[in-house]
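Participant: One-letter residues, chain by chain:
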Amino acid sequence: MTRAEMIRALLANLPTGSDSVSYPDHPLLLRGPDVLATYRNSLTAYFVMARSTQNSINQMLSTALLSRLALPLGTRLVFVVAEATRLAEEASWLFEETVEAGRNKNLRVPVDPLPISGVAEVFEALRNPHHDRFAEAWAPTTRGRRFTRRTPGEPTSLRGLTREAISHESGGPPELEDSDSIAQPGPQYLAFDNGIFYFRPPGALAASRLSRLTSDAAATAVSVDYGLEFGFQGLVDVADLVRSQDAHLALHHGEIPIESHEVPFDATKPLRAAAFAGFAPY
Amino acid sequence: MRDKKRVDTLRILISGHSALATSPKLNIIVGELNRISASSRQPGSNGWLLKVLHTTRSLDTTLSELLQFKRWTASRSSLGSYISAFSLNGILRLPEKQRFENDIVRKRNRYMHEAGAMPTQIEADKILSEMHACVAMILARL
Chain A
0 MTRAEMIRAL LANLPTGSDS VSYPDHPLLL RGPDVLATYR NSLTAYFVMA
50 RSTQNSINQM LSTALLSRLA LPLGTRLVFV VAEATRLAEE ASWLFEETVE
100 AGRNKNLRVP VDPLPISGVA EVFEALRNPH HDRFAEAWAP TTRGRRFTRR
150 TPGEPTSLRG LTREAISHES GGPPELEDSD SIAQPGPQYL AFDNGIFYFR
200 PPGALAASRL SRLTSDAAAT AVSVDYGLEF GFQGLVDVAD LVRSQDAHLA
250 LHHGEIPIES HEVPFDATKP LRAAAFAGFA PY
Chain B
0 MRDKKRVDTL RILISGHSAL ATSPKLNIIV GELNRISASS RQPGSNGWLL
50 KVLHTTRSLD TTLSELLQFK RWTASRSSLG SYISAFSLNG ILRLPEKQRF
100 ENDIVRKRNR YMHEAGAMPT QIEADKILSE MHACVAMILA RL
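Residue numbers (numbering that gives the first Met the number 0), protein chains in the order written: chain A, 0 to 281; chain B, 0 to 141.
Simulated from the structure, these hints should not be mistaken for laboratory data.
Computed from a predicted structure; not experimentally measured.
Treat the hints with care, as some may be off.
What the hints assert, rightly or not - Examples of chain A residues toward chain B, derived with CB under 8 Å:
(1) Asp24
(2) Ala36
(3) Ser41
(4) Gly152
(5) Ala205
(6) Arg208
(7) Leu209
(8) Leu212
(9) Asp265
What the hints assert, rightly or not - Now the in silico label distances, taken between C-beta atoms and shown as ranges:
(10) B:Glu113 / A:Arg145: 27 to 33 Å
(11) B:Pro23 / A:Gly16: 32 to 38 Å
(12) B:Trp71 / A:Gln232: 43 to 49 Å
(13) B:Lys69 / A:Thr1: 23 to 29 Å
(14) B:Asn26 / A:Pro256: 53 to 59 Å
(15) B:Pro42 / A:Gly152: 53 to 59 Å
(16) B:Asn88 / A:Pro14: 33 to 39 Å
(17) B:Ala116 / A:Pro109: 37 to 43 Å
(18) A:Pro151 / B:Leu93: 29 to 35 Å
(19) B:Asn88 / A:Pro109: 29 to 35 Å
(20) A:Asn40 / B:Leu93: 48 to 54 Å
(21) B:Thr72 / A:Pro14: 25 to 31 Å
(22) A:Thr52 / B:Arg105: 46 to 52 Å
(23) B:Gly89 / A:Ala206: 51 to 57 Å
Built from N, CA and C at the ideal position, the CB exists for glycine as well.
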């Protein structure tokens, strides 16, 4: 099945009495879930993936992480994959449940309240710091107002944790390593210096292309900020560092035009959603 | 079309939130949200004025119900006081509070109270966008 067919099958198999929206337009997300549904007073976000490649998995992890922080506490995340590949399985830790669609259009759709996963609890340590960074990134668009937050320690993006460091014994947050040991992540339009990303998209881009580049830049920054390369343990370590005030989420910078004639509604959304991923306007 | 997606997303976020799911006013809020989409179909400034009315009324009642759920009090029964109460309780940061006061409350007051004041389509859309962001931020932080 194609992704669109999987989404149609998902919508068709939601139970009577549920309410849903496909491709929801969330004000804080450049990319969000493919379907958002409510049933029996619970909220479930579905993320659909037709083909699992390393790039698509990385993008999905960043999308799901930002969605979890943008959606209300208690929202369940469900990963819908065409087939259960090794890559899809590696990403499944960020979701309450993973469903394999296969070729079956009678998709089993989890919609009843699912138990809160361990990953949801980790996120609660990160929710406030993430929203504080968003407030700082978004404040300059409010008639020059500023928001100052505490930024103890170094940026989490400088952790440079090795796999050995991640498997540290419990008993305190992991040590920060020398930033020189970190390779430059991301493409050319995304510079990385001292833990801060600088997003400078080429000029004269079509709105759809700019949107894609912004989304890719956000995915890279989110992955590095939250240690997603190291899976669940990477996220746990970032949460520990932030909670113990040994590190903070860095404020990144991006050149993202506010107005676009190709965006008739909510013209400030690209800037707001980029701020939610950590990018303040230059 | 995008207008409808936004309103539909807002409806799902509100009706699926644990603080509002059992509210006796949930159906009224959802009805008000549906009127936003309906008013968008009315041509010209009358439709845009109605859009501002339904947008801010749904925001007003949603915030009032959320405050009641949290047992937080507002100094008065008004949209501006509700936004201040969320700021005082640490849900909205100061620049966010100021932004929503400027871009929602003051504009709403002008269009609702000043004879002859009519919003443009862009202004009506901006109020809806800010209201959407305000509700989404509060729901994510409660």
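Participant: Hints first: check each against the structure and report whether it holds.
Facilitator: Checked hints:
Given the 8 Å rule on beta carbons, the hint for A:Asp24 holds: about 4 Å separates it from the nearest Cβ of chain B. Hint status for A:Ala36 relative to chain B: holds, with the closest Cβ pair at about 7 Å, below 8 Å. Proximity of A:Ser41 to chain B holds as hinted, the smallest CB-CB distance being about 6 Å (cut-off 8 Å). Proximity of A:Gly152 to chain B is violated relative to the hint, the smallest CB-CB distance being about 21 Å (cut-off 8 Å).
Hint status for A:Ala205: violated, given a least beta-carbon distance of 18 Å to chain B, over 8 Å. At a threshold of 8 Å, the smallest CB-CB gap from A:Arg208 to chain B is about 19 Å, leaving the interface hint violated. Hint status for A:Leu209 relative to chain B: violated, with the closest Cβ pair at about 17 Å, above 8 Å. Interface restraint check: A:Leu212 against chain B, minimum CB-CB distance 21 Å, threshold 8 Å, status violated.
Contact between A:Asp265 and chain B, as hinted, is supported at the beta carbon level, the nearest pair being about 4 Å apart and thus within 8 Å. Between B:Glu113 and A:Arg145 the Cβ separation comes to about 32 Å, which falls inside the hinted range of 27 to 33 Å. For the pair B:Pro23 and A:Gly16, the beta carbons lie near 19 Å from each other, so the given range of 32 to 38 Å is not met. Between B:Trp71 and A:Gln232, the C-beta spacing of about 38 Å breaks the proposed range 43 to 49 Å.
Checked against the hint of 23 to 29 Å, the C-beta distance between B:Lys69 and A:Thr1 comes to roughly 44 Å, which is inconsistent with it. Between B:Asn26 and A:Pro256 the beta carbon distance is about 41 Å. The supplied range of 53 to 59 Å is therefore violated. Remark: the range hint 53 to 59 Å for B:Pro42 to A:Gly152 is upheld by a beta-carbon distance near 56 Å. Judged by the Cβ atoms, the range 33 to 39 Å given for B:Asn88 and A:Pro14 holds: they are separated by roughly 36 Å.
For B:Ala116 paired with A:Pro109, a C-beta distance near 49 Å fails the hint of 37 to 43 Å. A C-beta distance of roughly 21 Å is found between A:Pro151 and B:Leu93, which places it outside the suggested range of 29 to 35 Å. For B:Asn88 paired with A:Pro109, a C-beta distance near 34 Å keeps the hint of 29 to 35 Å intact. Distance hint check: the CB atoms of A:Asn40 and B:Leu93 are about 33 Å apart, inconsistent with the given range 48 to 54 Å.
At roughly 39 Å, the beta carbons of B:Thr72 and A:Pro14 sit outside the given window of 25 to 31 Å. Taken as a hint, the range 46 to 52 Å holds for the pair A:Thr52 and B:Arg105, whose Cβ atoms sit roughly 49 Å apart. Between B:Gly89 and A:Ala206, the C-beta spacing of about 36 Å breaks the proposed range 51 to 57 Å.
Figure legend: structure checked against the earlier numbered hints; hints not met, in rising order: 4, 5, 6, 7, 8, 11, 12, 13, 14, 17, 18, 20, 21, 23.
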